[in-house]
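Here the protein sequences come in this chain order: A and B. According to the working numbering, the first sequence is numbered sequentially starting from 1. According to the working numbering, the second sequence is numbered sequentially starting from 1001.
A portion of the hints provided could be inaccurate.
[Said to hold, decoys possible] Taking lysine-lysine and the DSSO-like style, the derived pairs with C-alpha atoms no more than 30 Å apart in a straight line are:
hint, chain 1, residue 1, chain 2, residue 2
1, B, Lys1169, A, Lys43
2, B, Lys1169, A, Lys35
3, A, Lys43, B, Lys1233
In short, the hints are calculated from the structure, not lab data.
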Amino acid sequence: MDDLSTHVLLFLVVSAVIVAISSMFSEPEDGPALKMYPRRLLKFVVGSGLVLAVMLVCEHTFASIH
Amino acid sequence: MKPHEQQRTGDPTVATLLSWLVPGAGHLYVGQVHLALIGFVVIEALYLAGVLLSHGMFLEYLPPEMRGRFAAALTPEAGNLGALLLHVRQYGFGGDEPRPWPAWMDLGTALTATSGILSILFASHANLLARLPQGGTQHPDARAQRDPALCAALTWVLPGLGHIMQGRKARGVVALVLLVGLFGLATMLAHGANLDRERHFYYWAGQFLLGPVALVTEFAHGHPRLESIPQYKDAGIVIGSIAGMLNVLLMLDVYGYGEDRALGRERAADPVSDQPVQEAPSV
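Whenever a hint applies, use it, and build me the whole structure from the sequences.
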């Protein structure tokens, strides 16, 4: 597995745990917490992807030496 | 004064701040003399033993460029504020010349850090006692659900254990598997480099929030010299710290759940809300 794939996989694993624990924190009942989990995970991953996109654009625009 | 504050034993903010400064002072403030004495002796004895074993050198782990005025604020020892302030005043960052670490340095710093965590948990207990009605006790349901501060402490001892004590077994087991698994992954990626306070001072502090799981792993693994830098060492260090910080969310979840029952109110929609949904029980 190449380096980028490993980092993406690690990110997804950590995201899954972060969202699971934060779902437990925000919802005291197990049923609703489990139900909201897929949507929260999707929002977390997509939100992180947007932050990554902005950072890449900034890097390419302001920090590129090419 | 809000209507629900009229029956309180004391001001919870005052009780918390007193306990943060001197463990047991918050309990003394709400009239729990015996508990105050026990808490003070246990927490301060842990800190004192840690200082004696480590010769008060834990802040000397920090490299010179990181020895700022607030460098100690992000350590677990900050939970026992009074002891830490005395510590900084007495020992500071050591002298100009580096000194060899004492033989029991690791155990000593683990004890001072444990003292800080216990002090914070004890302060949260003082906060709860101050919220209870004057001359009253916890809601009858709360006894069956265990004390919220105790359950939070158990969550620090082993992630998920507090949930299990509250009868939320499935949640507790899932939390245990997730956080211990994440910590195991982190340790594997970093080849154990994450288990060293000297090497990664602040990341270690985050990881310490995972409690004895991290400590036992550290003492079992030791601090061997790294022959080469592991490829994913940085990822391992960050993930280990994340696992510890996520355990704080679990402790807050357990505490909030137990506190709602101790005060006889339904779980509020906002987990950090201070507003009771229904009136506290009269005793």
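For each hint, the structure was consulted:
no.	hint	verdict
1	B:Lys1169 with A:Lys43	28 Å, holds
2	B:Lys1169 with A:Lys35	18 Å, holds
3	A:Lys43 with B:Lys1233	28 Å, holds
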